[in-house]
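Engineer: Each chain is listed here by its residues.
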Amino acid sequence: MTKARSNSLNTYAMHGALILYVLIALFPVFVILINSFKTRKAIFREPLALPDADSFSMIGYQTVMKQGDFFLYFQNSLIVTVASLFFVLLFGAMAAYALSEYRFRGNTLMGLYLALGIMIPIRIGTVAILEMMVASGLVNSLWALILVYTAQGLPLAVFILSEFMKQVSDDLKNAGRIDGLSEYTIFFRLVLPLVRPAMATVAVFNMIPIWNDLWFPLILAPAEETKTLTLGSQVFIGQFVTDWNAVLSALSMAILPALVLYVIFSRQLIRGITSGAVK
Amino acid sequence: MNKPRIRWHIPVFLAPAVLIYTAVMIFPLFNTLRLALYSRIDQERVFTGLANFQTLFFDPIWSEQFWNALGNNLWFFLVHMLVQNPIGIALAALLSHPRLRFAALYRSAIFIPTILSFVVVGFAWKLILSPIWGIAPSMLDAVGLKSLFAPWLGKEEYALTTLALISVWQFVGIPMMLIYAALLSIPEEILEAGEVDGITGLAAFWKIKLPLILPSIGIISILTFVGNFNAFDLIYASQGALAGPDFSTDILGTFMYRTFFGFQLQLGDPHMGSAIAGAMFAIILLGVCVYLFGIQTRMRRYQL
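Heads up: the sequence lines are chains A and B, in that order. So in the working numbering, spot 252 of the first sequence is number 252, and the numbers just go up one at a time. So in the working numbering, spot 105 of the second sequence is number 105, and the numbers just go up one at a time.
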């Protein structure tokens, strides 16, 4: 009896601690979102109140829509993220297949070479990357960002995918060879579909840092027509510092896509982390 | 199979990844280190050996900024190690409790800040802590602690710690998830064996689980180290390139950006920027080596 009671007390304490932390984690997001729908007066008078009929206002969103080209920023971010993920997955899977399937001289060395980039951040090479992009005329183009993010994502992608490709059955591939399929067909038609879950994990790991990066958009593509959503909202907020409605609305508009992506992919992300893909 | 044939598909499979990786990552990395050995004198690039590093470490103006940024960066890292990782471990320990309800819900909610961009996090906290808006002071007032309030981001002595704690708030989800995964992989039999010997609850955590997840804690430490010594975005988004007030939140990332690009009074200098990048590279490499050879190989691993 006493034991049961102390157990339930423990359970309450655990839920209490977790709920407290959830509140800490969500409170700032909540405050920003509710205040973005309020009039300026209401923002300052009752910052913690939900918007009601009196205080509801979309003025901030109107300013954002008029002044900032958020649709373009969003489109740029989407293009950069999707294209980078596509190349990371395609090239990463190809290299991972070569490393895990074939024995050739230099195999281990090549694997180590590609793994170097897991620990060394690509930002260290920024000065030379900018010089290279200027020389090749890629500066202020989305290609500069796509190339950088592809290079940044490849090491971990190759590492994770080759672990998974080792598990694909040899019999299947050999059956394909006996049927006269080329190595390329075996890779694209037989192996790739089987490692799809691992590819999804790699994609989700790469997606958030690429979408949220501020450093490379700031340095390689700061032009108005190539601004990503992260850089665009940074610049917009910097210009509208005193217009609280606009700032809160811009913040909410930057939060929303990330939240939507998270809701769609959270199961994949959590499964990826907890399945021990990153050991 | 008698004559040695070249298996062309191997280079074809490898080429795109190796080419992009080499051209955009490895080559610029070494090129940056090389550029650190040059200076621009009279519009020409001249090889000056280690002169840039000498300036960086010993010139009074430069070295003061460099050591300030490095010291701040160390403090930034320490706050993460002492606050973020213990909280992450504690949350993971709570979440991995076998009969806990709503665990998935808590986990997803606590991870939300991690997916937000630094710009959002930086500004959101700046607004909440702002004395003009008054959310933080009125909340402290509600619990009778209003006297504790100060414009934390605007005071030299608090700004860096405040930013570090904001960063902790954002990233606590990562150690939580990794430790959670490690805790789940502990076999039930070991815990039951402990229970038979009377080790339950907190004692089980300290005596059985913690030693078993030490390797994961090692990985988290090195990830935190690399992430912190390469940080930039949060400071830039909330305090600007000058890392105010009075450079009190300057870390290596912002210092490098300012040197490389220049700011109001100073022209950008790619060579000094490269020298700072070189110093960052050395620090990160040192950290990774300490981890790989000093910690990882000596850590006791238990066969599960």
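Do not take every clue at face value.
[Stated by the list, open to error] A few chain B residues that don't get close to chain A, going by computed Cβ distances all over 12 Å:
hint	residue
1	50
2	63
3	150
4	248
[Claimed, not checked] Label-pair distances were calculated between CB atoms; the ranges are:
hint	chain 1	residue 1	chain 2	residue 2	range
5	A	11	B	207	49 to 55 Å
6	A	194	B	71	34 to 40 Å
7	A	135	B	8	38 to 44 Å
8	B	285	A	105	45 to 51 Å
9	A	112	B	60	53 to 59 Å
[Said to hold, decoys possible] Stretch by stretch, here's where chain B covers chain A in the computed footprint (C-beta under 8 Å, at least three residues):
hint	segment
10	20-26
11	37-50
12	54-68
13	75-86
14	153-161
15	177-190
16	253-260
Read the hints as simulated data drawn from the structure, not as lab findings. The structure presented is a predicted model; accordingly, all values stated were derived computationally and were not measured. The C-beta atom is built at its ideal place from N, Cα and C for all residues, glycine as well.
Engineer: Of the numbered hints stated earlier in the document, which are not met by this structure?
Structural biologist: Violated: hints 5, 6, 7, 8, 9, 12, 13.
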